[in-house]
Amino acid sequence: MKNSIDWKKHWVFNWVFFKSNLFMGLVLGLGFGVYQQAIGGDGTLLGFVRQCLLAIPLGFLLSFLYKEFVYKEGYYFYYNQGILKVELWIVSFILSCFFYLIFKLIHIVWMIVLR
Amino acid sequence: MDDCLEVDSVVKNFSEKTILSDVYLCCKPGDIIGLFGLNGTGKSTLLKIIFGTLKADRSFIRINGQVQTRPAYLSGLVAYLPQHNYLPHNLTITELVHLYLPKEQVNNFLGDRFLFKYRKSKVKTLSGGEQRYLEIKLLLYHTAPYVLLDEPFNGLYPLAAEAIREHITIASQTKGIILTDHNFREVHKAVNRLLLLSDCHLREVSDADALSAYGYASNPR
Chain R
53 MKNSIDWKKH
63 WVFNWVFFKS
73 NLFMGLVLGL
83 GFGVYQQAIG
93 GDGTLLGFVR
103 QCLLAIPLGF
113 LLSFLYKEFV
123 YKEGYYFYYN
133 QGILKVELWI
143 VSFILSCFFY
153 LIFKLIHIVW
163 MIVLR
Chain U
3 MDDCLEVDSV
13 VKNFSEKTIL
23 SDVYLCCKPG
33 DIIGLFGLNG
43 TGKSTLLKII
53 FGTLKADRSF
63 IRINGQVQTR
73 PAYLSGLVAY
83 LPQHNYLPHN
93 LTITELVHLY
103 LPKEQVNNFL
113 GDRFLFKYRK
123 SKVKTLSGGE
133 QRYLEIKLLL
143 YHTAPYVLLD
153 EPFNGLYPLA
163 AEAIREHITI
173 ASQTKGIILT
183 DHNFREVHKA
193 VNRLLLLSDC
203 HLREVSDADA
213 LSAYGYASNP
223 R
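Chains as they are written, first to last, in my numbering: chain R, 53 to 167; chain U, 3 to 223.
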């Protein structure tokens, strides 16, 4: 029986899972940004980026719901490697927060430079 | 201590209906067990309980002498093929194989006549049957000593089914395999033990003709 966790393998599979959620998050983020600008945004690129960032967590949630209710078999790809569903979602959440902070930092620096 | 997958005292109810009652099963490396039963008798339920993605009302699972107190899939000793396709669509076959198998096995795996021409294609471009073939072969090459296949022959055309039977036979030299399928004519050519799930109980059947006595088929062959 495997008594030690293969952390490298876990990281690789968690990264694969995270990437599988990126598409919906980014598409929804961009769509939301465009929509917000269209209905009364400030018309600036900075405003557009700010709206996109707000919607990415929503895209993430929709991706989660899709996998839960439509594509549950997809988890077996990870179960067969001894990886729990809750681990996949916690790591994906942490990674999405990390990238959100990176983009937010870029956004802040951009605003400072423009002033 | 014998190497075996031992499942004992499995009880599973759905609402008021009992699906599995005191089911016992033992699978050793070299066993290729065909698990048969009418629709709704609990074949997939039993496999999922063994794998650990479904909780039984009562169960005892021991693999190679180790009692499983957590879902068995966490031990890496058992792999499961679900009924529907499960591979990530955005990866290529080569990327998938590199994820699942040790480097030294990759070329041999991809040299397969059914997979070679698609090795750079993404999973989403494959047909259902092509995905199925890939999924089964990945699990038979998996390091887990016990493999559970839920309706593996669904969507496979005859040549692919024959190839899968060969892979099962080769894999069974070191693994114990349990498979369920309604395509009896394909399955019985591959298996060396027959189990029938009927009236909530699991019983070993001596040969295909005995299945008729339990109402599974009028003429199994």
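No lab work stands behind these hints: they were computed from the structure. One or more of the hints may lead you astray.
Said to hold, decoys possible - A few chain R residues that face chain U, going by a derived Cβ cut-off under 10 Å, partial list only:
1. Asp58
2. Trp59
3. Ser72
4. Ala107
5. Glu120
6. Phe121
7. Asn132
8. Lys156
9. Arg167
Unchecked claim - Derived lysine-lysine pairs resembling DSS-like cross-links, with alpha carbons at most 27 Å apart:
10. U:Lys126 <-> R:Lys119
11. U:Lys191 <-> R:Lys124
12. R:Lys137 <-> U:Lys57
13. U:Lys122 <-> R:Lys71
14. U:Lys57 <-> R:Lys124
15. R:Lys71 <-> R:Lys156
16. U:Lys124 <-> R:Lys71
17. R:Lys71 <-> U:Lys126
18. R:Lys124 <-> U:Lys19
19. U:Lys119 <-> R:Lys71
20. R:Lys119 <-> R:Lys60
21. U:Lys124 <-> R:Lys60
22. U:Lys124 <-> R:Lys61
23. R:Lys124 <-> U:Lys124
24. U:Lys19 <-> R:Lys61
25. R:Lys71 <-> U:Lys139
26. R:Lys137 <-> U:Lys119
27. U:Lys50 <-> R:Lys124
28. U:Lys124 <-> R:Lys119
29. R:Lys71 <-> U:Lys105
30. R:Lys156 <-> U:Lys124
31. R:Lys119 <-> U:Lys105
32. U:Lys57 <-> R:Lys156
33. R:Lys137 <-> U:Lys50
34. U:Lys122 <-> R:Lys119
35. U:Lys19 <-> R:Lys60
As the list claims (entries may be wrong) - Here are the in silico distance ranges between beta carbons for each label pair:
36. U:Asn92 <-> R:Trp162: 27 to 33 Å
37. U:Asn92 <-> R:Leu98: 28 to 34 Å
38. R:Lys60 <-> U:Gly42: 38 to 44 Å
39. R:Lys156 <-> U:Lys105: 37 to 43 Å
40. U:Ser129 <-> R:Leu82: 48 to 54 Å
From the three backbone atoms N, C-alpha and C, an ideal C-beta is built for every residue, glycine too.
Evaluated hints:
1. For the restraint placing Asp58 (chain R) at the interface with chain U, the shortest Cβ-Cβ distance is roughly 9 Å, inside the 10 Å limit, so the hint holds.
2. Of the supplied interface hints, the one on Trp59 (chain R) is violated, with its beta-carbon coming no nearer than about 14 Å to a beta-carbon of chain U, more than 10 Å.
3. Nearest Cβ of chain U to the Cβ of Ser72 (chain R): about 6 Å, under the 10 Å cut. The hint holds.
4. Contact between Ala107 (chain R) and chain U, as hinted, is not supported at the beta carbon level, the nearest pair being about 21 Å apart and thus beyond 10 Å.
5. The interface hint given for Glu120 (chain R) is broken, as the beta carbon of that residue sits about 14 Å from the closest beta carbon of chain U, more than 10 Å.
6. The closest approach between the C-beta of Phe121 (chain R) and any C-beta of chain U is roughly 14 Å, which is over the 10 Å cut-off, so the hint fails.
7. Because the smallest distance between the Cβ of Asn132 (chain R) and any Cβ of chain U comes to about 5 Å, under 10 Å, the interface hint for this residue holds.
8. The closest approach between the C-beta of Lys156 (chain R) and any C-beta of chain U is roughly 27 Å, which is over the 10 Å cut-off, so the hint fails.
9. The closest approach between the C-beta of Arg167 (chain R) and any C-beta of chain U is roughly 40 Å, which is over the 10 Å cut-off, so the hint fails.
10. Distance restraint check for Lys126 (chain U) and Lys119 (chain R): the Cα-Cα separation of roughly 16 Å lies within the 27 Å cut-off, and the hinted pair is therefore satisfied.
11. This hinted pair does not check out: Lys191 (chain U) and Lys124 (chain R) have alpha carbons roughly 32 Å apart, beyond 27 Å.
12. A distance of roughly 15 Å separates the Cα atoms of Lys137 (chain R) and Lys57 (chain U); the hinted pair therefore holds under the 27 Å criterion.
13. Proposed proximity of Lys122 (chain U) and Lys71 (chain R) is supported: the alpha carbons are some 19 Å apart, at most 27 Å.
14. Using a Cα cut-off of 27 Å, the hinted pair Lys57 (chain U) and Lys124 (chain R) holds, with the two alpha carbons roughly 16 Å apart.
15. As the CA atoms of Lys71 (chain R) and Lys156 (chain R) are separated by approximately 20 Å, the hinted pair is consistent with the 27 Å bound.
16. Under the criterion of a C-alpha separation no larger than 27 Å, the hint pairing Lys124 (chain U) with Lys71 (chain R) is consistent with the structure, at around 15 Å.
17. For the proposed pair Lys71 (chain R) and Lys126 (chain U), the alpha carbon gap of about 15 Å is at most 27 Å, so the pair holds.
18. Distance restraint check for Lys124 (chain R) and Lys19 (chain U): the Cα-Cα separation of roughly 25 Å lies within the 27 Å cut-off, and the hinted pair is therefore satisfied.
19. Proposed proximity of Lys119 (chain U) and Lys71 (chain R) is supported: the alpha carbons are some 26 Å apart, at most 27 Å.
20. Note on Lys119 (chain R) and Lys60 (chain R): the hinted pairing holds, with a Cα-Cα distance of about 24 Å set against a maximum of 27 Å.
21. Proximity of Lys124 (chain U) to Lys60 (chain R) is assessed by CA-CA distance (about 24 Å); at most 27 Å being required, the pair is judged to hold.
22. Taking the CA atoms of Lys124 (chain U) and Lys61 (chain R), the gap is near 21 Å; set against the 27 Å cutoff, the hint holds.
23. Restraint check for Lys124 (chain R) and Lys124 (chain U): the C-alpha separation of about 20 Å stays at or below 27 Å, so the hint holds.
24. With a C-alpha separation of about 41 Å, the suggested pairing of Lys19 (chain U) with Lys61 (chain R) is violated against the 27 Å cut-off.
25. Proximity of Lys71 (chain R) to Lys139 (chain U) is assessed by CA-CA distance (about 25 Å); at most 27 Å being required, the pair is judged to hold.
26. Under the criterion of a C-alpha separation no larger than 27 Å, the hint pairing Lys137 (chain R) with Lys119 (chain U) is inconsistent with the structure, at around 33 Å.
27. Distance hint between Lys50 (chain U) and Lys124 (chain R) is fulfilled; the C-alpha atoms sit about 13 Å from each other, no more than 27 Å.
28. Annotation: proposed proximity of Lys124 (chain U) to Lys119 (chain R) holds, straight-line Cα distance about 19 Å (limit 27 Å).
29. Straight-line distance between C-alpha atoms of Lys71 (chain R) and Lys105 (chain U) comes to about 23 Å, which keeps the hinted pair within the 27 Å bound.
30. A distance of roughly 33 Å separates the Cα atoms of Lys156 (chain R) and Lys124 (chain U); the hinted pair therefore is violated under the 27 Å criterion.
31. For the proposed pair Lys119 (chain R) and Lys105 (chain U), the alpha carbon gap of about 30 Å is over 27 Å, so the pair is violated.
32. Pair hint Lys57 (chain U) plus Lys156 (chain R) does not hold up; C-alpha atoms about 43 Å apart against a cutoff of 27 Å.
33. Distance restraint check for Lys137 (chain R) and Lys50 (chain U): the Cα-Cα separation of roughly 15 Å lies within the 27 Å cut-off, and the hinted pair is therefore satisfied.
34. Between Lys122 (chain U) and Lys119 (chain R) the alpha-carbon distance is near 26 Å, which keeps this suggested pair within the 27 Å criterion.
35. Restraint check for Lys19 (chain U) and Lys60 (chain R): the C-alpha separation of about 44 Å exceeds 27 Å, so the hint is violated.
36. Separated by about 31 Å at the C-beta atoms, Asn92 (chain U) and Trp162 (chain R) satisfy the suggested range of 27 to 33 Å.
37. At about 31 Å, the CB distance of Asn92 (chain U) to Leu98 (chain R) agrees with the hint of 28 to 34 Å.
38. Take Lys60 (chain R) and Gly42 (chain U): their Cβ atoms lie about 42 Å apart, and the range 38 to 44 Å holds.
39. Judged by the Cβ atoms, the range 37 to 43 Å given for Lys156 (chain R) and Lys105 (chain U) holds: they are separated by roughly 39 Å.
40. A C-beta distance of roughly 32 Å is found between Ser129 (chain U) and Leu82 (chain R), which places it outside the suggested range of 48 to 54 Å.
Of the hints listed earlier, those the structure fails to meet are numbers 2, 4, 5, 6, 8, 9, 11, 24, 26, 30, 31, 32, 35 and 40, in rising order.
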